[in-house]
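Colleague: Letter by letter, the chains look like this.
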Amino acid sequence: MIYLDNTTTTKVDDKVLQEIEIYQKEKYGVAISDYSPEFSMSSKKVMDATQKIISEKINSNPDEMIFTSGQTEGNNYVLKGVPKGHIITTKIEHSSILKTCKSLEKQGYDVTYLDVNEEGNVDLNQLKESLRKDTVLVSIQHANQEVGTVQNIKEAGKVCKDHQALFHVDASHSFLRVPIDVEKMNIDLLTITSHLIHGPKGIGALYIRKPIRLKPLIQGTRIHNIPGIAGFGKAIELWKDKDNKKMRKQREKLIKEIGKIPNTVIFGSTEGSLPDVLSVNFKFIEGESIVLYLGMEDIVLSTGSACAGRGLKPSHVLEAMGYGEEDSHGSIRIGLSRYIENEDIDIFLKELKEVVNRLRDMSPIKG
Amino acid sequence: MIYLDNTTTTKVDDKVLQEIEIYQKEKYGVAISDYSPEFSMSSKKVMDATQKIISEKINSNPDEMIFTSGQTEGNNYVLKGVPKGHIITTKIEHSSILKTCKSLEKQGYDVTYLDVNEEGNVDLNQLKESLRKDTVLVSIQHANQEVGTVQNIKEAGKVCKDHQALFHVDASHSFLRVPIDVEKMNIDLLTITSHLIHGPKGIGALYIRKPIRLKPLIQGTRIHNIPGIAGFGKAIELWKDKDNKKMRKQREKLIKEIGKIPNTVIFGSTEGSLPDVLSVNFKFIEGESIVLYLGMEDIVLSTGSACAGRGLKPSHVLEAMGYGEEDSHGSIRIGLSRYIENEDIDIFLKELKEVVNRLRDMSPIKG
Amino acid sequence: MSIYTEKVLEHFKNPRNQGKIKDYDSFGEKGNPVCGDVMHIYIKVENDKIVDIGWETMGCAAAIATTSMLSELAKGKSLDEAMKLTKQDVSDELEGLPPVKMHCSNLAAEALHEAIKKYREKNKKKKTK
Amino acid sequence: MSIYTEKVLEHFKNPRNQGKIKDYDSFGEKGNPVCGDVMHIYIKVENDKIVDIGWETMGCAAAIATTSMLSELAKGKSLDEAMKLTKQDVSDELEGLPPVKMHCSNLAAEALHEAIKKYREKNKKKKTK
Ligand SMILES: Cc1ncc(COP(=O)(O)O)c(C=O)c1O
Ligand SMILES: Cc1ncc(COP(=O)(O)O)c(C=O)c1O
Ligand code: FES
Ligand code: FES
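Protein sequence lines, in the order shown, are assigned to chains A, B, C and D.
Numbered per our numbering, the first sequence spans residues 413 to 779.
Numbered per our numbering, the second sequence spans residues 413 to 779.
Numbered per our numbering, the third sequence spans residues 81 to 209.
Numbered per our numbering, the fourth sequence spans residues 81 to 209.
In short, the hints are calculated from the structure, not lab data.
Since the model is a prediction, treat every value here as computed from it, not as a measurement.
One or more hints might be untrue.
[Said to hold, decoys possible] As a list, the in silico BS3-like pairs of lysine-lysine whose alpha-carbon atoms are at most 30 Å apart: (1) Lys197(D) / Lys110(D); (2) Lys423(A) / Lys464(B); (3) Lys672(B) / Lys93(D).
[What the hints assert, rightly or not] Derived coverage of chain C by chain A (criterion: at least 3 residues anywhere in the stretch with Cβ under 8 Å from a Cβ of chain A; other residues may be distant): (4) 90 to 99; (5) 156 to 165; (6) 198 to 207.
Glycine included, every Cβ here is placed at the ideal spot set by N, Cα and C.
Modelling step: build the complete structure from the supplied sequences, incorporating the hints.
Modeller: Listed below in structure tokens is the structure:
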């Protein structure tokens, strides 16, 4: 199988699995208080270790890091944890931001949704103009889940700092792929998730700059997901910069070869993009058919906007980028990983071309 | 090692581990929409299967079951998901209920905390008297996390039904140990967690009777924790009624033998109790010392109120049962599991007696 | 565990009668406002019977499978019989379609009916000429 | 990864001078309002020097270890020297105590000081007699 759906979720690395197992079958005790039996104290140790591992990647302090059950919880925690007021976000965020904002609007919050240009870049002038006295939070994703466009977070952070507004970054897709420095980028709150980096599902982290405090979303003493935390830390350690280089090369090859297929649109930014996500539209055909035909050849990927679970609706991201319904129709999203070899890319390209030809042959609309 | 801290958390069963691994390294795809590639569809299958497994245990419909990240999320979801109004709960709930109620009170909700008698049984007459026109929810735990007392949920459910108040049950410790039937017991909402039944951490379930709807706590399309869901289902299948019988016998032996140690108090109900939890107080000595000395002999357990992460404070459960500070001082909680053999119990009893003698010898207070 | 039945997937994989047929006698065309998909159906008629049928579809797997299945059902049928084919017939033959995809099977039957109507109008004109 | 240092655990495991000594000359007693723990210290004095010391403690590991450590520090010291022993000395010798457990080390030193004071009062009376 050639798994190219890594932007939806990733396979857990074997070494991560080993780490998880240790905390499930050997060191399974969890310290509830500081006076727990020694056996249960290994849970504290691995929590500390993972906090340190993450902190080093984003240049924060380990004690500014808490664990969540994933990106969605983290994003909800941030949005619902700030005082009531004006929130600024963008039109291309994940549903965990957009749905939450919609419900906050009903509760009397005011929300501004920033536009993006056709490459998916947020308009920073609009950000400046939108900032108000009562703006409590600016929430901008680092990289987009559908088209891979990376935002100028450093610049956005500067704008927020100048205005003294809290700045949250959803870094689910950029973490480990694009450098993050909460100091240099003036980030106050940052959310990440483990299942997009070959770590386990059900675990994520939230960086909260000291001394910021959020209203709690989930109250009470929750047992920490220690195996998840251990696996998360291991997954981070295993991600190497050479993986990014390899994926970026493969992405460039894909752009070059897919670009040769007539009536094809490649979405997103030509410059600032993730190394591992590529979103493409093939005119005159439909995405689900492409995905299912490729599936029959043991190639797994999603249609353009899989992460939104959209059913038949067109992608809100492509819409915000100015594309019409027909542009998102035949789109697929290719999500690379370090497990994809160059030969896999060749096989995929061969099959993709065949499938596109076959479906275009079937289509009443011709180029 | 003799692990007797199963009321805090449990070891993941080997067969559960195998199940989890399948979904982490083989069937790792997750279907985001109904039109996901076939490979990712196995995620739906295992979700359906686990919903069915749980439903059969509690006599609900599979489509009345959603997954959470655990008991704490589930309990918060219920309490924060009902309309604003009057809530009734008890004084001996877990912090995920009590802390949340405290914060709801600050938001203008009215909360009644029911008393318990010295065995930990909720006063059902007080429940009847407390019900008001604006009572939106009654939340009563099935079994207590510290002393194991099981409530008369069927009777409480009848009272709630007669009054048309929603009835929530925190069944984290009773699930699989004590029969649950949401129909016969008139339960509208039920929360359970996987890490207390030899399943993975970070996954739980919430039963919501149709057509009840709760305000969402976490919004947006969250990737389902499929390995967690698969492991949860497997853990349920592996739990056998004979495990309960074995644990109950061991518990009876513990009561008999520990009862012979002078100046010892056994907490909780003499009749309706969990098969696997026993809470005991040894006068004139201190719990942490007992736990640490036993830890040196490779026996792992917690002080009386470990689940509250209390630090130096006495247990709110024992307090509600009418015990003073000095009664919770030297208390320990023994949490059994199917992995404990009768010989382990003998070793534990021998070591326990030695430790109690040693500490009493050290103590200035003599019987 | 696909949302599609085996039968749907089989037709999707091996579509019957796919393609525009040469010297067709009539054709029908339907577009779907819900999803933007488009379907063309071509028929060849002899003695009021559909002797050949072909189609082109831009759409999802359900759209492709329903057009394929419809073409099988219609082929060889008299125009009267073919006019009676409904989306339900197509869906039944495919052993069911997921609810949100029922609209796809609508397209195929409607396009066929349009092709037949057009054919009849054209023929009427010829006869009256 | 215990919250206690090796030294604390070692004293907890093997407490020194534990137990009430026979024919002690004085004793001090302290209770802790925070946690309800209780501590007794017994001393035997010759020529203003602590020649023997014993103790009883009902308390946590920190309480047991600090009493044990204090007894080691005090043994052989003159009463004047022993009066100068502080909770900080005990905690330092144990290579530190977790912040929420600092109050435990207080108990031991205070009980000792009380024992010494009592001894001196009793002796004053004797001398003045
Ligand atoms: C940008 C973005 N934010 C949040 C999420 C949700 O993450 P999780 O499934 O960890 O809750 C996703 C999903 O992949 C995402 O793409
Ligand atoms: C009664 C009760 N409810 C809730 C919880 C919290 O469960 P979780 O750690 O799954 O959030 C516990 C902890 O064990 C508990 O004892
Ligand atoms: S979704 Fe458009 S025809 Fe099926
Ligand atoms: S906690 Fe009481 S003396 Fe340490």
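Colleague: The structure should be examined with respect to each hint, and the outcome stated for every one.
Modeller: Here is what the structure says about each hint:
For the hint pairing Lys197(D) with Lys110(D), the CA-to-CA distance comes to about 14 Å; that is within 30 Å, so the pair holds. For the hint pairing Lys423(A) with Lys464(B), the CA-to-CA distance comes to about 26 Å; that is within 30 Å, so the pair holds. A hinted pair counts as satisfied when its Cα atoms are at most 30 Å apart, and Lys672(B) with Lys93(D) qualifies at roughly 26 Å. Judged by the Cβ-Cβ criterion of 8 Å, the stretch 90 to 99 of chain C is covered by chain A as claimed, because 5 of its residues qualify and three suffice.
Closer than 8 Å: that is the beta-carbon criterion, and the stretch 156 to 165 of chain C has 0 residues meeting it against chain A, so the requirement of 3 is violated. Check result for the stretch 198 to 207 of chain C against chain A: violated, 0 residues qualifying (beta carbon to beta carbon below 8 Å, three or more required).
Going through the hint list in order, the structure does not satisfy hints 5 and 6.
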